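Enquirer: Construct the entire structure; sequences and hints are all you get.
There are 2 protein chains.
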Amino acid sequence: MSMSASLLKEFEAVVGAENVMTSEVDRQTYAYDGAVLEPVEPAVALRPVTSEALGACVRLCNENGLPVTARGAGTNLSGGTIPKPGGVVILTNSLNKILEINEEDLYAVVQPGVVTATFAAEVLKHGLFYPPDPGSMAVSTLGGNVAENAGGLRGLKYGVTKDYVMGVDFFDVEGGLVKTGSRTVKCVTGYNLSGLMIASEGTLGVFNEITLKLVPPPAAQKAMMAVYDSMDKAAASVAAIIAAKILPCTLEFLDKPTIQYVEDFCKAGMPTDADAILLIEVDGHPAQVEDDAQKVVDICKKVGALSVDMAQNAAQRDSLWTARRAALPALARARPTIVLEDATVPRSKFPAMVRDICDIAAKYKVDVATFGHAGDGNLHPSLLCDRRDKEEMHRIELAVDEIFDRALSYHGTLSGEHGIGMSKSKWMEKETSRATIEYSLRMKKAIDPKNILNPTKIIEGRG
Amino acid sequence: MSMSASLLKEFEAVVGAENVMTSEVDRQTYAYDGAVLEPVEPAVALRPVTSEALGACVRLCNENGLPVTARGAGTNLSGGTIPKPGGVVILTNSLNKILEINEEDLYAVVQPGVVTATFAAEVLKHGLFYPPDPGSMAVSTLGGNVAENAGGLRGLKYGVTKDYVMGVDFFDVEGGLVKTGSRTVKCVTGYNLSGLMIASEGTLGVFNEITLKLVPPPAAQKAMMAVYDSMDKAAASVAAIIAAKILPCTLEFLDKPTIQYVEDFCKAGMPTDADAILLIEVDGHPAQVEDDAQKVVDICKKVGALSVDMAQNAAQRDSLWTARRAALPALARARPTIVLEDATVPRSKFPAMVRDICDIAAKYKVDVATFGHAGDGNLHPSLLCDRRDKEEMHRIELAVDEIFDRALSYHGTLSGEHGIGMSKSKWMEKETSRATIEYSLRMKKAIDPKNILNPTKIIEGRG
Chain A
3 MSMSASLLKE FEAVVGAENV MTSEVDRQTY AYDGAVLEPV EPAVALRPVT
53 SEALGACVRL CNENGLPVTA RGAGTNLSGG TIPKPGGVVI LTNSLNKILE
103 INEEDLYAVV QPGVVTATFA AEVLKHGLFY PPDPGSMAVS TLGGNVAENA
153 GGLRGLKYGV TKDYVMGVDF FDVEGGLVKT GSRTVKCVTG YNLSGLMIAS
203 EGTLGVFNEI TLKLVPPPAA QKAMMAVYDS MDKAAASVAA IIAAKILPCT
253 LEFLDKPTIQ YVEDFCKAGM PTDADAILLI EVDGHPAQVE DDAQKVVDIC
303 KKVGALSVDM AQNAAQRDSL WTARRAALPA LARARPTIVL EDATVPRSKF
353 PAMVRDICDI AAKYKVDVAT FGHAGDGNLH PSLLCDRRDK EEMHRIELAV
403 DEIFDRALSY HGTLSGEHGI GMSKSKWMEK ETSRATIEYS LRMKKAIDPK
453 NILNPTKIIE GRG
Chain B
3 MSMSASLLKE FEAVVGAENV MTSEVDRQTY AYDGAVLEPV EPAVALRPVT
53 SEALGACVRL CNENGLPVTA RGAGTNLSGG TIPKPGGVVI LTNSLNKILE
103 INEEDLYAVV QPGVVTATFA AEVLKHGLFY PPDPGSMAVS TLGGNVAENA
153 GGLRGLKYGV TKDYVMGVDF FDVEGGLVKT GSRTVKCVTG YNLSGLMIAS
203 EGTLGVFNEI TLKLVPPPAA QKAMMAVYDS MDKAAASVAA IIAAKILPCT
253 LEFLDKPTIQ YVEDFCKAGM PTDADAILLI EVDGHPAQVE DDAQKVVDIC
303 KKVGALSVDM AQNAAQRDSL WTARRAALPA LARARPTIVL EDATVPRSKF
353 PAMVRDICDI AAKYKVDVAT FGHAGDGNLH PSLLCDRRDK EEMHRIELAV
403 DEIFDRALSY HGTLSGEHGI GMSKSKWMEK ETSRATIEYS LRMKKAIDPK
453 NILNPTKIIE GRG
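Protein chains in written order, with the working numbering: chain A, 3 to 465; chain B, 3 to 465.
If you're looking for bench data, these hints aren't it; they were derived computationally from the structure.
Remember, it's a predicted structure, so these values are computed and weren't measured experimentally.
Please note that a few of the clues may not be correct.
Because identical chains cannot be distinguished in the list, a pair is counted as satisfied if it fits within a single copy or across any two copies.
Said to hold, decoys possible - Dumping the calculated PhoX-like pairs for lysine-lysine here, alpha-carbon to alpha-carbon at most 20 Å:
1. 215 with 247
2. 127 with 247
3. 159 with 215
Expert: As structure tokens, then:
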């Protein structure tokens, strides 16, 4: 679909001609994200370089009834950044300034296009710590992280992106600047619209500035790998660690297929005959780290770990986490397509859920490898397949349906950290209620009467 | 205003005749809360004892266009629980069950009428910890805490109520049950309506069940009192503690008038000639507590504390916190009326703000004592007055106006923890923007078309 020349002229006046992109290559570039979904080409991509231009772009889209999708790095896994056909993509990557890092008051103010890892590194230079570490942080943007409420490996102890959002300024459909939250630890002035913006996937406003909470970094940390001949023993270790009132900053698991794919991929010396491994890191005061690490080793051994190896130095620690972070790329190259889910259950249900995933995969004869955040009950069942094979994809769909049903039966959730986007809205009502959908739809309609803000996502992609 | 006999019969059928209260005494009882505002009598107070009855009450109110105010203990300080004339008050104190405390998965599910302190004590019996500790926790309810996003003394390290809300089920105006959030650490299924409910003061729905996050309790803690001959030195100590990357769980200050009123009230042996004191508690692993406590003592002395006394045992520790918690009752008995504000600034601006409050009080010849959460920049300037003296109350109003202006000039907020309610909505736009008010009004209107849910609060009390 093409856009009228006069409207393109208007956009050029706002963002500059060099930042209005309509070529076939550009439109294809912004047609997809990390989800296994068909690409959809926008009519144009805009790259505003100032706040004013960003607000004006949103207003112009609304005036012209054009669907608009804000896009950071497009790493999300649920189709949250796939545009509407003929719509507008607003790129945030030129709005990438860290406006303030305040060491006295422990906050930072950023534009939405700042890359997560760049920000985390800059914060560290100031002697502070920004804990959220989504898998895509090397390229993902903070605006995208907030829009999706990105998780990561440190959820158990440190929480997720939402736990660090102190305030968000955003543009409404008329280009008005809505200001919410504060640079103070406590703020109850008006509705918690910052809270509402988190995980709203660009459907309720377009971020202008984000205020993020920072914390002092831990003084010490220790990482270890526990190896098991059964997933049940690994799961029992997780339960025993929590029962001992220890909150590791990271508590990850890899199942046997994942271990084998990772080893095949990066030759990290993983125990390929193990049924499961846990990768555990504790952090904090050095004495606490010593105590907690020793307790964790004792617990894992008592519960039946074949071995528990503590990283003896930074290089060994790094190699453990490199192996963990290799899980997704290792699995992704196994077959042409990977459907990476993030069904999440209360952590005590994680062993049952892992067993169920294996049973479901066997039932539908699909290839599955599961890894994830054991401490959060946040599993990543990864269904390895080929999207060109319709019959296989149908079995994948049935398996995913059943995985979600099982997660909900354990009081879990469809999505721990990837978002609903376009992929999962059809299951929304099952987890929540009809009233929840209606309430959300009424709210969305009032805030965005022409339905221009990232339409078809979350509730509107249903059915 | 009276209510039709037939409607009262309908309410009786829903909640039982004994739970429909229309006597003059009942109506006066629920006409006021902790704010300095005129009481407003409702037509009736209802006390549902089941979820179903609660939902039916809300639906009936909507069908009849009756304003409805949910009320826990009525301790809020901004008029959030003052009903509309002739409206309905729904009491939550029979919905007071702790439905689940889950030690494996570190969460609890409660009804809204559970008393905060009762809950915290019950959680402790299970070996876990619920950190939020608002001043009124001995009587306040968890529903009220979430509706107001109650703060407390532990905000600096542990955050406030919102940091512990994992999910909220609530009734919409039609009596439909909206389900949001999860029992999992991570959940991004749909809009973050739990987040939206926090601090919404009963204007967007009526809580049915709340899921709260629990954490392991700290293994040790140490409390101390640092005494200063100037507020600036106390403030410099706070800045130096944060700069040393120490996050005390509590970091409170009392100014000279507050110290004197407290000592007069409870003879706790406070240094009445001091200009300021800090009450500080560090917690965590025993070794960390030892280290942090010693560092805090050294910092305070270096910055110029006259003395720093460490509590040597639990009794001494308790007496420090009893003295701090006596601040409000001690000030409240000084004059017939106390206007207790909670203007909050980034913590580095706290000394400047305390000075400004003194200057403003002098300018308007009003009696002020200030205490509060220094670590959060959350001040409680307490204006001591007599509400029957119109001329004095006018000066109080001018002083409060100027205090808010000053807080905003420091990038602070009108309200750190007391809420907007009816008292502060006229300042809302100054802190946020016109677009923020419009956005909120549109959302409210869509969710509550007849404007029955606690009308006149937050944005609707404006002007």
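Enquirer: Would you mind marking each hint as holding or not holding in the structure?
Expert: Here is what the structure says about each hint:
| no. | hint | in the structure |
| --- | --- | --- |
| 1 | 215 with 247 | between (25 Å within a copy, 14 Å between copies) |
| 2 | 127 with 247 | between (32 Å within a copy, 14 Å between copies) |
| 3 | 159 with 215 | both (15 Å within a copy, 12 Å between copies) |
Figure legend: structure checked against the earlier numbered hints; every hint is met.
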